[in-house]
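Number of protein chains: 2
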Amino acid sequence: MAKPPVSPLARPLPDLPAIAGLRLATTAAGIRYQGRTDMLLAELAAGSTVAGVFTRNLCPGAPVSWDREILPAGRARGLVVNAGNANVFTGLAGLSAVEETARAAAALLGGSPREIFLASTGVIGEVLPVHKLVAALPGLQAGLREDGFAGAAHAIMTTDTFPKGATRTARLGGRTVRINGIAKGSGMVAPDMATMLCFLFTDAALPAAILQPMLSAGVEASFNRITIDSDTSTSDTVLLFATGAAGNDAGADTGEFRRALHEVLLDLALLVVRDGEGAQKFITITVEGAVSDASAKRIGLAIANSPLVKTAIAGEDANWGRIVMAVGKAGEPADRDRLSIAIGGVWMARQGGVAPGYDEAPVVAHMRGREIDIIVDLGLGEGRSRVWTCDLTHGYIDINGSYRS
Amino acid sequence: MAKPPVSPLARPLPDLPAIAGLRLATTAAGIRYQGRTDMLLAELAAGSTVAGVFTRNLCPGAPVSWDREILPAGRARGLVVNAGNANVFTGLAGLSAVEETARAAAALLGGSPREIFLASTGVIGEVLPVHKLVAALPGLQAGLREDGFAGAAHAIMTTDTFPKGATRTARLGGRTVRINGIAKGSGMVAPDMATMLCFLFTDAALPAAILQPMLSAGVEASFNRITIDSDTSTSDTVLLFATGAAGNDAGADTGEFRRALHEVLLDLALLVVRDGEGAQKFITITVEGAVSDASAKRIGLAIANSPLVKTAIAGEDANWGRIVMAVGKAGEPADRDRLSIAIGGVWMARQGGVAPGYDEAPVVAHMRGREIDIIVDLGLGEGRSRVWTCDLTHGYIDINGSYRS
Numbered sequence: 001m002a003k004p005p006v007s008p009l010a011r012p013l014p015d016l017p018a019i020a021g022l023r024l025a026t027t028a029a030g031i032r033y034q035g036r037t038d039m040l041l042a043e044l045a046a047g048s049t050v051a052g053v054f055t056r057n058l059c060p061g062a063p064v065s066w067d068r069e070i071l072p073a074g075r076a077r078g079l080v081v082n083a084g085n086a087n088v089f090t091g092l093a094g095l096s097a098v099e100e101t102a103r104a105a106a107a108l109l110g111g112s113p114r115e116i117f118l119a120s121t122g123v124i125g126e127v128l129p130v131h132k133l134v135a136a137l138p139g140l141q142a143g144l145r146e147d148g149f150a151g152a153a154h155a156i157m158t159t160d161t162f163p164k165g166a167t168r169t170a171r172l173g174g175r176t177v178r179i180n181g182i183a184k185g186s187g188m189v190a191p192d193m194a195t196m197l198c199f200l201f202t203d204a205a206l207p208a209a210i211l212q213p214m215l216s217a218g219v220e221a222s223f224n225r226i227t228i229d230s231d232t233s234t235s236d237t238v239l240l241f242a243t244g245a246a247g248n249d250a251g252a253d254t255g256e257f258r259r260a261l262h263e264v265l266l267d268l269a270l271l272v273v274r275d276g277e278g279a280q281k282f283i284t285i286t287v288e289g290a291v292s293d294a295s296a297k298r299i300g301l302a303i304a305n306s307p308l309v310k311t312a313i314a315g316e317d318a319n320w321g322r323i324v325m326a327v328g329k330a331g332e333p334a335d336r337d338r339l340s341i342a343i344g345g346v347w348m349a350r351q352g353g354v355a356p357g358y359d360e361a362p363v364v365a366h367m368r369g370r371e372i373d374i375i376v377d378l379g380l381g382e383g384r385s386r387v388w389t390c391d392l393t394h395g396y397i398d399i400n401g402s403y404r405s
Numbered sequence: 001m002a003k004p005p006v007s008p009l010a011r012p013l014p015d016l017p018a019i020a021g022l023r024l025a026t027t028a029a030g031i032r033y034q035g036r037t038d039m040l041l042a043e044l045a046a047g048s049t050v051a052g053v054f055t056r057n058l059c060p061g062a063p064v065s066w067d068r069e070i071l072p073a074g075r076a077r078g079l080v081v082n083a084g085n086a087n088v089f090t091g092l093a094g095l096s097a098v099e100e101t102a103r104a105a106a107a108l109l110g111g112s113p114r115e116i117f118l119a120s121t122g123v124i125g126e127v128l129p130v131h132k133l134v135a136a137l138p139g140l141q142a143g144l145r146e147d148g149f150a151g152a153a154h155a156i157m158t159t160d161t162f163p164k165g166a167t168r169t170a171r172l173g174g175r176t177v178r179i180n181g182i183a184k185g186s187g188m189v190a191p192d193m194a195t196m197l198c199f200l201f202t203d204a205a206l207p208a209a210i211l212q213p214m215l216s217a218g219v220e221a222s223f224n225r226i227t228i229d230s231d232t233s234t235s236d237t238v239l240l241f242a243t244g245a246a247g248n249d250a251g252a253d254t255g256e257f258r259r260a261l262h263e264v265l266l267d268l269a270l271l272v273v274r275d276g277e278g279a280q281k282f283i284t285i286t287v288e289g290a291v292s293d294a295s296a297k298r299i300g301l302a303i304a305n306s307p308l309v310k311t312a313i314a315g316e317d318a319n320w321g322r323i324v325m326a327v328g329k330a331g332e333p334a335d336r337d338r339l340s341i342a343i344g345g346v347w348m349a350r351q352g353g354v355a356p357g358y359d360e361a362p363v364v365a366h367m368r369g370r371e372i373d374i375i376v377d378l379g380l381g382e383g384r385s386r387v388w389t390c391d392l393t394h395g396y397i398d399i400n401g402s403y404r405s
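In the order they appear, the protein sequences are chains P and V.
The opening residue of the first sequence carries number 1 in my numbering; numbering runs sequentially from there.
The opening residue of the second sequence carries number 1 in my numbering; numbering runs sequentially from there.
A hint or two may mislead.
[Stated by the list, open to error] Label pairs and their computed distance ranges (CB to CB):
#1 Gln351(P) x Gly247(V): 27 to 35 Å
#2 Asp335(P) x Pro138(V): 34 to 42 Å
#3 Thr286(V) x Ala221(P): 33 to 41 Å
#4 Arg368(V) x Gly110(P): 34 to 42 Å
[To be verified] Partner residues aside, some chain P positions facing chain V, computed with beta carbon under 10 Å:
#5 Ala20
#6 Glu43
#7 Val88
#8 Asp231
#9 Met325
#10 Asp335
[What the hints assert, rightly or not] Example chain P residues on the side facing chain V (calculated, C-beta under 7 Å, incomplete):
#11 Thr27
#12 Ile31
#13 Arg32
#14 Leu95
#15 Asp229
#16 Ser306
#17 Thr311
#18 Gly321
#19 Gly328
#20 Arg336
#21 Ile375
#22 Gly379
#23 Leu380
#24 Gly395
#25 Asn400
#26 Gly401
Note that these hints are calculated values from the structure, not bench results.
These numbers were taken from a predicted model, which means no experiment stands behind them.
For glycine and all other residues, C-beta sits at the position ideal for the given N, C-alpha and C.
For reference, chain P alone in the conformation it holds in the complex (with noise of 0.2 Å):
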């Protein structure tokens, strides 16, 4: 399959700073792809935290069992990703991979093996071959520099067709800090949990006690929002990781830190939708007016995952009855002689009917862009929820028809 031209939706890749603490290295292992980087090494300042958030899918990958299982010390010294196979479904073979890897990184990075968290992704059900990653290890360790981000954004890349990141900074206990993400993820990607792989770095001194409920509510607030496909993947995994080398005084008021890794994780989130596979059109969906939170929540998911409301807004055609269809399947109160829908700031339709005087040229306009705005009022309280997707195209259909050819 030829490989695909990249999102008529992308945004560049910022520049993502140093961080303290931190040094990155990248190589090509050939686990699966040729010519192109698929492995990444990142090793943290000893006294590193970590929190984590992972796939709510019950087949889960190996890696993913392992970091879960060492999360709840809350150390981390390295980090190992791979791309090209996601080591699950792989039974015992995929169980004594992790440790081997773990075993192996440990040994050249200090610490634990209980300290390397790890990270795959790629091809379902085919076994991780392991060997090329140990092999691979001590090159990377010599290769590892404090500049790499840029680099590590592209080694863990599968289908995605540009590399994604976000940084920002702080102030927190008297010091500036700095926050930076990476993330991939084009396909397989739902709540919960979206893209299947971010990792985000910071120099801050925080506990992992600190770090968890923050990055949860984070995630709740980014990637629980966004959907590609309805697909959940058995490898999303979501990793923060703090050196503390900022020095900054640890009982600070963490406001200003929250809000930036709030805002690094929601960066990190639109991008992966921005990448969503074959996606012409970037489509946000507010609801308003539901009975609560969690119900508009859902109604924006159940818009989000209608494929007939992909397809017209891929057709560029304003099919606000397939909005109304996908609200009344959600299984939430709505009550469809209330229901509004606006499409690009234009009321189409108002509590039950076409909207009067409704003209659709603006409209027309509107779904010929590539920002789709939908906003949907259901007229029965004060709950709301803003959800995002992407359009469903011919391209979706050539990229996962063929993946595994």
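With chain P's structure known, arrange chain V on it following the hints.
Just chain V, lined up with the frame of chain P:
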């Protein structure tokens, strides 16, 4: 848009003999389509009984609201169906359109307007041109005939590529009775309920109170186990009319009739899958070893609704890793290490890993065929269910990206 070709999975329309007590007529009322019939009138003998099952979508069309309101009386004299406009989300205009149509039909056929059932299918959110329906009714009445099933099956089609019908006979109360059914549907098809419109007619004499539970159970075992695209129509309607002309003893054992009814329903449901928009392959998914039948059904539907599973099958790729993913996202009890998967009768994955000695060749050959069989054994209990779907292809995008244009 060019008319899509007839589905390669199509089956010929069987001969549907006349049902005593029923007459049918169709016409080209010009509601939306040009050059084809788009309206059906059915006249039922006085004393006919009726049962019905409707969409669970909370934004149903006006005809569904009407039918639900008049169904409890259990009596029917007529049925009026149009294709091309669904009369959904049309506010007060939609409500007055159904009342006007029912009144006009009752004036011609006799009986009360509340014995006239209605169904509309097609575009949502456009006002139904009720004057065209009312103007066409006298001509329809004049053309009523006893052998009109083939025409009826054609007149109710929208994006369907072939007409759908099924027939059975059964012994009931000393007589042989017949059940004929016709259906339409090829997209926006998902539980709960699948096809938009399905009409069944029998000459049996059975009260509505006996018909209704029989029909509900039959729909649960047929239309509620198929899915094309996970979308649920606002117009789904199944109606069963019994003219009583066979003169059977009503107190008789109904077992054989019930079985025949269920067979007609399942025939029609599977024909809808065979006409799934863009379908190239017919997929049967059997889930075994679940903790309950209901759990097995939900897991089966998670597989059947997964765009990644459906595109893999379109690409003739036996990508069982995506089946693992879909099992894990269903939210039902599952244990990765007990899971086994067979495609085309070949066990590819056994208890959490690749099956020992697995040979891909027969599976590759199976994937090239039109009929794909998937078995998932969860290894947990005795729960079992079967669901049906089709693949997700470029044809689906073609049809739904330009349906209104």
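message: Interface hint check: Leu380(P), Cβ to nearest Cβ on chain V, cutoff 7 Å. Holds or violated?
response: violated (12 Å)
(message) Can you verify the interface hint for Asp231(P): is its Cβ closer than 10 Å to any Cβ in chain V?
(response) Because about 5 Å separates Asp231(P) from the closest Cβ in chain V, which is inside the 10 Å limit, the hint holds.
Answer holds if the nearest beta-carbon of chain V is closer than 7 Å to that of Thr27(P); otherwise answer violated. violated (25 Å)
The hint names Ile375(P) as touching chain V; please verify it with the least Cβ-Cβ distance against 7 Å. violated (16 Å)
Item to complete: May I ask you to test the interface hint for Gly379(P) with respect to chain V, counting a Cβ-Cβ separation under 7 Å as satisfied?
Response: violated (13 Å)
Subject >> Restraint check, 7 Å cut-off on beta carbons, for Gly401(P) near chain V >> reply: Status holds, d = 3 Å.
Query raised in the report: Taking 10 Å as the limit, does the beta-carbon of Val88(P) come near enough to a beta-carbon in chain V?
Result: holds (7 Å)
Hint check for Gly247(V) and Gln351(P) - Cβ pair distance inside 27 to 35 Å: violated (51 Å)
Restraint: Gly321(P) near chain V, CB-CB cut 7 Å. Satisfied or not? Because about 3 Å separates Gly321(P) from the closest Cβ in chain V, which is inside the 7 Å limit, the hint holds.
Does Asp229(P) hold up as a contact with chain V if the rule is Cβ-Cβ below 7 Å? holds (4 Å)
Q. Is the shortest C-beta separation between Leu95(P) and chain V less than 7 Å?
A. It is violated, given that the least Cβ distance between Leu95(P) and chain V is near 10 Å, above 7 Å.
* Asked: Holds or violated: Glu43(P) as interface residue toward chain V, Cβ cutoff 10 Å?
  -> violated (31 Å)
The structure fails hints 1, 4, 5, 6, 11, 12, 13, 14, 21, 22, 23 and 24 (numbered hints given earlier, in ascending order).
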